[in-house]
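As you go down the protein sequences, you meet chains A and B in turn. Quick note on this note's numbering: the first sequence kicks off at 269 and runs consecutively. Quick note on this note's numbering: the second sequence kicks off at 378 and runs consecutively.
Quick caveat, the hints were computed from the structure, so don't treat them as lab data. Glycine is no exception: its CB is placed at the ideal position from the N, C-alpha and C atoms. Honestly, I wouldn't trust all of these hints.
Unchecked claim - To spell it out: a stretch of chain A is covered by chain B in this simulated footprint if at least three of its residues, at any positions, have a beta carbon under 8 Å from a beta carbon of chain B; those stretches are:
1. 356 to 369
2. 701 to 707
3. 815 to 824
Said to hold, decoys possible - Computed list of lysine to any residue pairs in SDA-like fashion (alpha-carbon distance at most 20 Å, straight line):
4. B:K659 with A:S852
5. B:K424 with A:L811
6. B:K659 with A:S858
7. B:K428 with A:L918
8. A:K649 with B:K428
9. B:K428 with A:A824
10. B:K424 with A:S845
11. A:K428 with A:G637
12. B:K424 with A:I815
13. B:K424 with A:F854
14. B:K428 with A:R328
15. B:K659 with A:F854
16. A:K649 with A:S729
17. B:K428 with A:E826
18. B:K428 with A:L803
19. B:K659 with A:I815
20. B:K424 with A:A337
21. B:K428 with A:Y653
22. B:K428 with B:S650
23. B:K402 with B:K428
24. B:K428 with A:F854
25. B:K428 with A:I815
26. B:K428 with B:L597
27. B:K428 with A:G809
28. B:K402 with B:S650
29. B:K424 with B:L466
30. B:K428 with A:R818
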Amino acid sequence: MIGIVIGIFFIGVALMLAGAVAAGVLRRHAAADRIFNLLVLGGCLTSGAAAVAVLITGTRAAVTVPSSAPGGNWTFALDPLAAVFVATTCFVGACCVAFGTPYLAEERAHRPVWYAHTVFAVLIASLTLVVTAQAVVPFLIAWELMAIGSYLIIVFEDEKADARRAGLIYIVATHTGTLGLFAMFASWGARASDWSFAALAAAAPTLPHHGGVILALAVLGFGFKAGFVPLHFWLPPAHSAAPAHVSGLLSGIVIKTGIYGLLRVVTLLGGSPPLWWGWAMLGIGVVSGVLGVLWALAQHDIKRLLAYHSVENIGIIGIGIGLGSLGATYGHPGIAVLGYAGALLHTVNHALFKSLLFLGSGAVYRATGTRDMEVLGGLAKRLPYTWVAFFIGATAIIGVPPLNGFVSEWLVYVGLFRSAQSRDTLRLAALGVPALALIGALALACFAKVSGVVFLGHARSASARDAREVPRTLLVPMFVLAGACVLLGVAPGFGILAVVDVAATIGGGTPNATPEALQVVRDSAWVSGVALALLALLAAGWLVRRIALRGRVVRAVETWGCGYPLPSPRMQYTASSFAAPLLSTFGRLSGVVETSSASAFHTEPVDLVLDRSAIPAWHWVRRAAMRLRPIQQGRLHIYLLYVMVAVVVLLAYLALASPR
Amino acid sequence: MILSALGSLGALVVAAPVIPGVATKTRALLTGRRGPPLWQPYADLRKLMRKGATYSTTTTWAFRLAPLAVVATTLLASAIVPLDGRRGLVSFTGDAVAFAYLLGLGRFLLVLGALDTGSSFEGMGTSREVSFASLVEPGLFVALVALGVATERLSLTGMFGMELWQRWPVVAPSVILLAVSLFVLMLAECARVPVDDPSTHLELTMIHEVMVLDHSGPDLAFILYANALKMAVFAALILDLIVPRAALGAWGSAAVLVGALIASGIAVGIVESSMARLRMPKVPLFIAGGTALGLFGLILLLQ
């Protein structure tokens with residue numbers, strides 16, 4: 269049985285890779301898209317089914333490939349933690365592929381579309397391998413495959429300078445992170461018998477500082493991938509440069525491998541990291557959450573805005589991880605389960621609604637040819653179905669009932685409120701709850717801005733006015749994702765049940781649910797009840813209004829404009845002006861440059877880390893290095909002089925330092 | 378138990394419009410006018426429900442959903458609050474989050490409805506509304522955490538109900554601070570002076586009112602009613618913090634609830650006639666002050 273499950277998983281991966289090959293071989297053949305879709309969707313379905321089977325049975329399915337290369341045997345395993353990520357990857361990956369093929373079909377004429385498809389399929393396959401690899405060498409290979417696959421597809425539109433720059437920043441950032449991972453695995457593996465994860469786990473008790481060095485390196489290495497502030501700077505440019513369906517996968521899944529890595533390292537170390545690490549994670553989560561959403565609020569490019577929101581949601585997940593690890597270390601398994609479960613479920617939920625929102629932004633781009641919110645508007649009438657899907661995604665991401673975003677934030681909140689019950693963990697609640705509330709409220713403001721400025725009101729340009737609804741092939745994947753958001757929100761029990769046992773094992777406990785976890789599973793029925801009651805009340809209100817308006821005059825007129833006879837779409841509030849009061853409340857932290865005159869007001873976002881710190885710092889390093897330039901004269905006798913000076917210095921050193 | 382909770386919910390739903398009525402009357406009396414009768418809000422609602430409606434040609438379903446959504450979410454949120462001083466009709470682990478986020482959903486949909494009109498006035502109102510709400514939300518949650526610490530409970534029923542009264546003598550100083558903090562947040566959340574002036578007639582100075590400029594007839598009635606209900610819910614929360622009602626029967630506690638609505642109407646009226654609306658840039662400071670009171674309450678509990 270176990271062998272069959274992992275076998276089915278690998279058949280799925282093979283199908284995805286076959287899809288990659290098929291796209292590369294068939295290229296412009298008439299059936300290329302259909303065969304590619306069939307293979308990759310089939311692969312996602314197959315691997316996803318294997319993951320779901322593991323989640324239901326709770327057993328680990330593993331296979332070991334003997335290897336004589338350094339690092340020992342290669343083990344791949346589908347355990348419940350990996351299965352959560354594989355199932356999400358396959359579902360979201362399938363939706364993105366189904367969207368991506370018709371989305372890119374229009375660009376067939378002037379771009380090598382097959383190349384994007386091939387890389388994309390390899391990227392999905394590598395994502396499933398990253399989370400199932402259970403030894404250092406295959407993990408790092410899959411990790412690099414994923415990193416380079418992402419790069420190759422970020423620079424897909426490489427005629428644009430923005431895309432090339434985004435790719436460059438991305439590749440530098442991801443490899444800096446990988447460097448951290450090399451350091452982490454090397455210092456850990458030095459104490460283990462071989463480089464399988466099982467051996468690393470066995471070596472965990474011998475690590476100095478309770479694994480503190482390993483955990484710090486993990487935050488650096490995986491934090492770059494996840495996009496915690498201040499390591500997020502590569503994320504907004506990269507995610508806005510890629511085609512929409514790729515951005516969906518990058519924001520939905522690829523950055524989550526950073527979260528997976530952190531959770532895996534914590535699990536291997538035995539589930540209760542040192543206190544400072546838990547507090548650091550909580551702090552990083554709060555900072556990433558608040559700054560991520562604040563910076564999102566300042567954006568006018570719809571995809572950059574969504575990318576900054578990924579930083580925010582990664583922050584919420586970070587708060588969950590910090591809560592989980594502090595709960596475990598303070599000896600409250602109930603809090604640990606709630607924290608980790610909230611983090612895991614938010615990972616899944618964010619993957620669903622963020623990819624949905626990115627696909628929505630892709631549909632807007634297809635219909636209007638722009639991502640600049642300031643020239644959009646009124647699309648609700650032109651793209652009614654896209655608007656409904658985007659609206660569901662926006663309502664889910666701000667974390668309100670009755671959609672899935674609420675459920676995972678609720679879990680984290682319950683964990684935080686539980687920590688308010690005992691003296692030792694009380695500070696956790698005092699910091700976490702208000703921060704989470706601020707993040708939620710700012711996210712609401714931000715999505716009111718996107719939805720309002722892009723979809724509602726009047727069109728601000730001809731391209732928005734003449735937009736046409738995208739074809740059904742693009743709408744179906746969006747509605748599948750929206751359906752998942754609704755399902756996990758109205759019936760949250762499924763999602764919570766799927767993650768609580770995994771969460772318990774991360775915290776070093778047994779999969780048998782703790783009373784605290786059982787209580788949220790039970791009370792999730794109330795969440796369903798609230799969702800259904802809300803729908804019933806809306807229906808009742810609709811009925812009341814209908815009856816009240818029966819036989820009355822219902823008129824349609826222009827929006828009231830204070831009696832001004834010549835209203836124009838330019839009179840509407842813009843994205844800049846909408847966000848201005850909030851941004852000014854936060855002062856310089858909000859990272860905008862304001863330009864205003866008697867008749868115009870505009871804000872331009874800058875990234876405080878990349879534009880204001882990293883690049884100036886790099887320029888400073890380069891200028892300092894220029895001072896060293898005179899030593900490179902290019903004349904042979906000067907270099908001979910250097911060699912001689914070096915030899916003399918060395919000889920002098922040996923003469924003085926050698927024992928007498 | 379259920380009957381008493383239902384009875385109090387019924388009393389709240391029926392008596393909610395009393396608050397704006399009493400507030401207007403208080404303000405009138407304090408400024409030497411006679412003012413409209415106390416039941417004026419009811420008469421207004423009745424009039425609006427019998428009118429036809431006017432919809433802007435710019436609007437879509439978002440505009441028509443907004444009034445329904447604010448009423449539905451506020452009603453559901455009030456079902457979570459222990460209105461009879463004992464328990465809420467709906468009560469579960471972490472329902473405090475559902476309470477705050479249901480109000481958030483209502484606000485989100487109201488804001489989308491306003492943006493749906495494409496009016497620059499309404500854009501201005503929504504921008505201000507979401508800005509100030511972003512600051513109110515952490516304040517509300519500070520109060521909730523403090524009560525969570527005080528009662529060691531996870532639901533509003535525990536935080537505002539009987540468990541609070543068993544510990545009240547010990548935690549009284551901070552609970553009173555929290556009640557004041559909630560009053561400040563109520564003024565901000567429900568768009569009253571000094572954050573917003575409901576009686577102003579100049580669009581440029583409005584926040585809440587300007588978001589609903591284009592709503593008419595039954596839609597406007599829904600929105601006005603939902604706003605009154607939201608004030609009533611906050612008044613009930615404050616009441617739960619300062620007056621024990623466990624000993625009273627179902628009738629008694631419902632009567633006290635109605636009395637509290639009247640009292641909070643008077644309090645709002647006094648505030649409105651004794652000070653002017655703050656300048657917009659000063660509003661965040663006012664809300665931060667309310668939040669700070671809650672934080673002091675929390676710090677007192679940490680001792």
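Exercise for the section: Measure nothing beyond the straight line between the CA atoms of K424 (chain B) and L811 (chain A); if it is 20 Å or shorter, mark the hint as holding. Expected result: 19 Å, holds
Problem - Given hint S858 (chain A) paired with K659 (chain B) - CA-CA distance at most 20 Å - result: The hint holds at about 19 Å.
Handout entry: Agreement of K424 (chain B) and S845 (chain A) with the hint, judged by alpha carbon distance not exceeding 20 Å
Key = Violated. K424 (chain B) to S845 (chain A) sits at ~36 Å, over the 20 Å cutoff.
Handout entry: Hinted pair K649 (chain A) and K428 (chain B), Cα distance within 20 Å
Key = 28 Å, violated
Exercise for the section: For the pair we were handed, K428 (chain B) and G809 (chain A), check the Cα-Cα distance against 20 Å. Expected result: OK: K428 (chain B) and G809 (chain A) at ~16 Å, within 20 Å.
Practice task
Three residues minimum, CB to CB under 8 Å: does the region 701 to 707 of chain A make the cut for coverage by chain B? Let me know.
Solution key: holds (count 6)
Problem - Distance restraint between K659 (chain B) and I815 (chain A), which requires alpha-carbon spacing of 20 Å or less - result: Roughly 44 Å between the alpha carbons, so the hint for K659 (chain B) and I815 (chain A) is violated.
Exercise for the section: Given the hint that K428 (chain B) pairs with S650 (chain B), test it: the Cα-Cα distance must not exceed 20 Å. Expected result: 32 Å, violated
Exercise for the section: Take the C-alpha atoms of K428 (chain B) and I815 (chain A), compute the straight-line distance between them, and say whether it is at most 20 Å. Expected result: The given pair, whose Cα atoms are some 12 Å apart, holds under the 20 Å limit.
Exercise for the section: For the pair we were handed, K424 (chain B) and F854 (chain A), check the Cα-Cα distance against 20 Å. Expected result: 43 Å, violated
Handout entry: Pairwise hint evaluation, S650 (chain B) against K402 (chain B), where the allowed Cα distance is 20 Å at most
Key = 11 Å, holds
Handout entry: K659 (chain B) paired with F854 (chain A) [C-alpha distance capped at 20 Å]
Key = 14 Å, holds
The earlier numbered hints that this structure contradicts are 1, 7, 8, 10, 13, 14, 18, 19, 20, 21, 22, 23, 24, 29.
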